[in-house]
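Top line first, the protein sequences correspond to chains E and L.
For the first sequence, position 86 matches number 85 in numbering that gives the first Met the number 0, and the numbering has no gaps at all.
For the second sequence, position 343 matches number 342 in numbering that gives the first Met the number 0, and the numbering has no gaps at all.
If you are wondering where the hints come from, they were derived from the structure by calculation, not from laboratory data.
It is possible that part of the hints are untrue.
What the hints assert, rightly or not - Below, a list of computed lysine-lysine pairs in the PhoX-like style, where the Cα atoms sit at most 25 Å apart:
{"#": "1", "chain 1": "L", "residue 1": "K48", "chain 2": "L", "residue 2": "K424"}
{"#": "2", "chain 1": "L", "residue 1": "K12", "chain 2": "L", "residue 2": "K28"}
{"#": "3", "chain 1": "L", "residue 1": "K219", "chain 2": "L", "residue 2": "K374"}
{"#": "4", "chain 1": "E", "residue 1": "K140", "chain 2": "E", "residue 2": "K129"}
{"#": "5", "chain 1": "L", "residue 1": "K28", "chain 2": "L", "residue 2": "K228"}
{"#": "6", "chain 1": "L", "residue 1": "K48", "chain 2": "L", "residue 2": "K374"}
{"#": "7", "chain 1": "L", "residue 1": "K260", "chain 2": "L", "residue 2": "K48"}
{"#": "8", "chain 1": "L", "residue 1": "K424", "chain 2": "E", "residue 2": "K19"}
{"#": "9", "chain 1": "L", "residue 1": "K288", "chain 2": "E", "residue 2": "K129"}
{"#": "10", "chain 1": "L", "residue 1": "K75", "chain 2": "L", "residue 2": "K48"}
{"#": "11", "chain 1": "E", "residue 1": "K129", "chain 2": "E", "residue 2": "K70"}
{"#": "12", "chain 1": "L", "residue 1": "K260", "chain 2": "E", "residue 2": "K72"}
{"#": "13", "chain 1": "E", "residue 1": "K64", "chain 2": "E", "residue 2": "K162"}
{"#": "14", "chain 1": "L", "residue 1": "K288", "chain 2": "L", "residue 2": "K358"}
{"#": "15", "chain 1": "E", "residue 1": "K162", "chain 2": "E", "residue 2": "K140"}
{"#": "16", "chain 1": "L", "residue 1": "K228", "chain 2": "E", "residue 2": "K117"}
{"#": "17", "chain 1": "L", "residue 1": "K288", "chain 2": "E", "residue 2": "K67"}
{"#": "18", "chain 1": "E", "residue 1": "K70", "chain 2": "L", "residue 2": "K228"}
{"#": "19", "chain 1": "L", "residue 1": "K260", "chain 2": "L", "residue 2": "K424"}
{"#": "20", "chain 1": "L", "residue 1": "K12", "chain 2": "L", "residue 2": "K437"}
{"#": "21", "chain 1": "L", "residue 1": "K135", "chain 2": "E", "residue 2": "K117"}
{"#": "22", "chain 1": "L", "residue 1": "K288", "chain 2": "E", "residue 2": "K162"}
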Amino acid sequence: MRARPPTYTKFRDVQAELEKSGAAIFRDADGVESLIIHFPYSVNYIHSYAEDSTFFLGLAEGRLKGSKCRKVKCGYVYATPRSHCMICGTATEWIDLPLEGRLHSWTTCHFGSEAFLKETPYNLGLVEFKGVGSVLLARLKECVESDLYIGMPVEARFDPNPKYSITDVWFVPVR
Amino acid sequence: MAPPARFPRPVSKGRRVYMVTGGVTKFAKAHPAMDFRLMVKRAYDYAAKDTPALSPERIDGTRISYFSDHFSRQLKAASMVQDFLGMNPKGSVRIEWGGATGGECFQAAYEAIASGRMDVCLAAGYETMSRVQTWKGNEFIALASDTNFDFPLGGFYTGYYALMVQRHIYQYLRLRKFADVSDEREAQRLAIAEGSRIMGLVSVKNHLNALHNPYAQYPKRLTVDDVLKSEMISYPLTREQICTMSDGAAVAVLCSEERAKEFTDRPVLVTGVGTGTDTMRLADRPFGKVPLLPQERASDYEHLPYPGVHSFRAGRAAGLEAYRMAGITDPVRQLDFVELHDAYASSEIQTYEDLGLCKYGEGYSFTESGDPFLKGIDYGFPTPNAGRIPVNPSGGLIACGHPVGATGLMQAVFAFWQLQGTIPKHFGDKTLQLAAPKRGAIHSHAGTGSAVTVSILERGFR
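Just chain E, with the same shape it has in the complex (with noise of 0.2 Å):
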């Protein structure tokens, strides 16, 4: 048996009433009607940054703030702060990350999900620092596409009204 490939048309607007909600019937190939409705949804989600705000506040002052482990013997230093350490499970401690690192990859979106389509195109940077094991995700601006490459040096700008979101940071190139 061949799959048939489907073939949607539109067939007629329902009531005017129906219609302001966006509902509308649906006809396909072999003659089957669905009734099409919209349905709004939204929520204000409670969010808490829990053992990560630490790393949130600290954007507000100007600050990155990693985390290392605190088992002497391991010792593994994180970019993005984990409270507890991956290899080991030891509790970590917070540190300052240097503010100056160097792009470990890049990229640049001309679409994002729905929410930040208004924002592209938009360049992403994974930032690596010195003597850190792990990386940072962040925007990159005051730069293009062409003007990016992998191991360029970049330093950190801080957003002067934060959001207590990850975006009150981002990184420019180094002038």
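Chain L: place on chain E using the hints.
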């Protein structure tokens, strides 16, 4: 290629498990006339029609997979599938594991049989992604990245994969093929152009294979130039190098050895299952050592920081476990084909390396030499080694579509039909049927590589 006559069997891990039938709906941008329950029912009915002995009474229980409650706007939706199929009051559980949801569902059904808990288990999966606009859909998918550190930066998985392939290109093309170019930025530009061109070959392959697969959503003949000139989504990934969102369902019926003969004289044996994981955040990936496959040596990777963001450690771990269980020590020789999770042309090349189809760093040359292409298809460029180890003969996710909860099961069904030799019957076209394949691998992948499953399927009849 014919496998060696004998290879060492590992210690048994429970009862032998067979796949006896499967079904897939046509994957499409939207199926407004079918909700998720009816889609699964259609896939089930197809599987049952192919195996007339199958009926709900003979099934002991189910494993049902879908990725996101957001897409269906219906929580506990798996219960409605169970209900619609007439399976109550048998046992069931919903499986979710990001992009690897379908692959996990297959293995959950495997475990139900191997453990002796069931003799016949239905694995069913679906996704209805058309219920929201494309860019809202991208947002839902991106909510499967860390919402503290990753999502607020753009909420965009293609961006994450672009970051990964940029580093892969740097590691293996800039530092090797273009090692002699002294101007750093020029060397990187050349490497990205070369990597993009080779990713284009993968996109052409998968779209073209799909021309012979009536279930595929986007079959087409493309040139590398078409791929590279399609819309730039996240540099360097273009639209034709990325899978799309789909509506679709797939089912697989697994059963014990004693019961298999009730359903088919062409059963397929599941000889290996493996899973692997990695950090949710790309930024946390370590820079360590490669877990080696039998054909590799530590000296192959002396100065390679692994996995970094260029490779999928979860895929390697899943492959290692599945290969060990199936007794596979030389994947290219012992596998006849692979259906892998090519959500991006880049991740197909990265996965060749994770699964040991070539060494780390050889993915681009492996592609160019034609190894993963099918023999007998004119792709519009030379493919000298075509047929050595066909990858995604079905067209993969790039051309078939990716209704997440169904995708890993779709791969199982296509692999099952390949091993049965029934592709001509199910596709109405014999082009994609390999000559008497004995063994294939399916590979299902989640997140930025945060979870991967690999299953090995073998012909279970003479």
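To see whether the hints hold, each was checked on the structure:
no., hint, in the structure
1, L:K48 <-> L:K424, "13 Å, holds"
2, L:K12 <-> L:K28, "40 Å, violated"
3, L:K219 <-> L:K374, "18 Å, holds"
4, E:K140 <-> E:K129, "21 Å, holds"
5, L:K28 <-> L:K228, "23 Å, holds"
6, L:K48 <-> L:K374, "32 Å, violated"
7, L:K260 <-> L:K48, "16 Å, holds"
8, L:K424 <-> E:K19, "47 Å, violated"
9, L:K288 <-> E:K129, "20 Å, holds"
10, L:K75 <-> L:K48, "28 Å, violated"
11, E:K129 <-> E:K70, "20 Å, holds"
12, L:K260 <-> E:K72, "58 Å, violated"
13, E:K64 <-> E:K162, "17 Å, holds"
14, L:K288 <-> L:K358, "14 Å, holds"
15, E:K162 <-> E:K140, "17 Å, holds"
16, L:K228 <-> E:K117, "23 Å, holds"
17, L:K288 <-> E:K67, "21 Å, holds"
18, E:K70 <-> L:K228, "51 Å, violated"
19, L:K260 <-> L:K424, "21 Å, holds"
20, L:K12 <-> L:K437, "21 Å, holds"
21, L:K135 <-> E:K117, "13 Å, holds"
22, L:K288 <-> E:K162, "39 Å, violated"
The earlier numbered hints that this structure contradicts are 2, 6, 8, 10, 12, 18 and 22.
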